[in-house]
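Start from the sequences, fold in the hints, and give me the full structure.
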Amino acid sequence: MLSSACLLWAWSALLKTFMIGMNKMPKKTPKKLPKKKLLEKECLSLWSQCVRERDKVCRNCGSDEHLSAHHIRSVTHHSTKYNINNGLCLCWRKCHFLQKHHPERFQDMIIEIIGDDEYQRLKRMSLMDIVRHTAYDLEGIKEYLQDELKRLKHE
1 MLSSACLLWA WSALLKTFMI GMNKMPKKTP KKLPKKKLLE KECLSLWSQC
51 VRERDKVCRN CGSDEHLSAH HIRSVTHHST KYNINNGLCL CWRKCHFLQK
101 HHPERFQDMI IEIIGDDEYQ RLKRMSLMDI VRHTAYDLEG IKEYLQDELK
151 RLKHE
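Residue numbers are given in the numbering used here: position 37 of the sequence shown equals residue 37, and the series is strictly consecutive.
Calculated directly from the structure, the hints in this document are not laboratory data.
Computed cross-link-like contacts, DMTMM-like style, restricted to lysine to aspartate or glutamate with a CA-CA straight-line distance of at most 25 Å:
# : residue 1 : residue 2
1 : LYS56     : ASP147
2 : LYS56     : GLU143
3 : LYS41     : ASP55
4 : LYS56     : ASP108
5 : LYS41     : ASP137
6 : LYS36     : ASP137
7 : LYS153    : ASP64
8 : LYS94     : GLU104
Shown next as structure tokens:
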């Protein structure tokens, strides 16, 4: 004799199969991001496009394959998160790979590319105490990045 739990499970599985066959299962609606989160995502995407458009090749080895925009100072630092000077283009396979596997060599490589003075300037700027950006701030940042991308494409 089957237990009531087994019968209940079998019945629900049968019902689910029937409902899927009838195309009556409720469809999952994609979660809508809040306006601020959406703006943050758009700003980061624009930032990345600006950095890649400015550099066009890996700043370390000169490759033009598998490029990504890399934040010099972490994205957790809100004061430099969307600053284009806080980014550089690196190829994913060779140069960006160092970040995870050889962090000390990676930092040395960054300093060699941009110079110690610029690295220290970005470091000081990134450590400025800033609260998270508001939606209003992000709209202004988005507009600035859009203008900057247009300018870079026309150079």
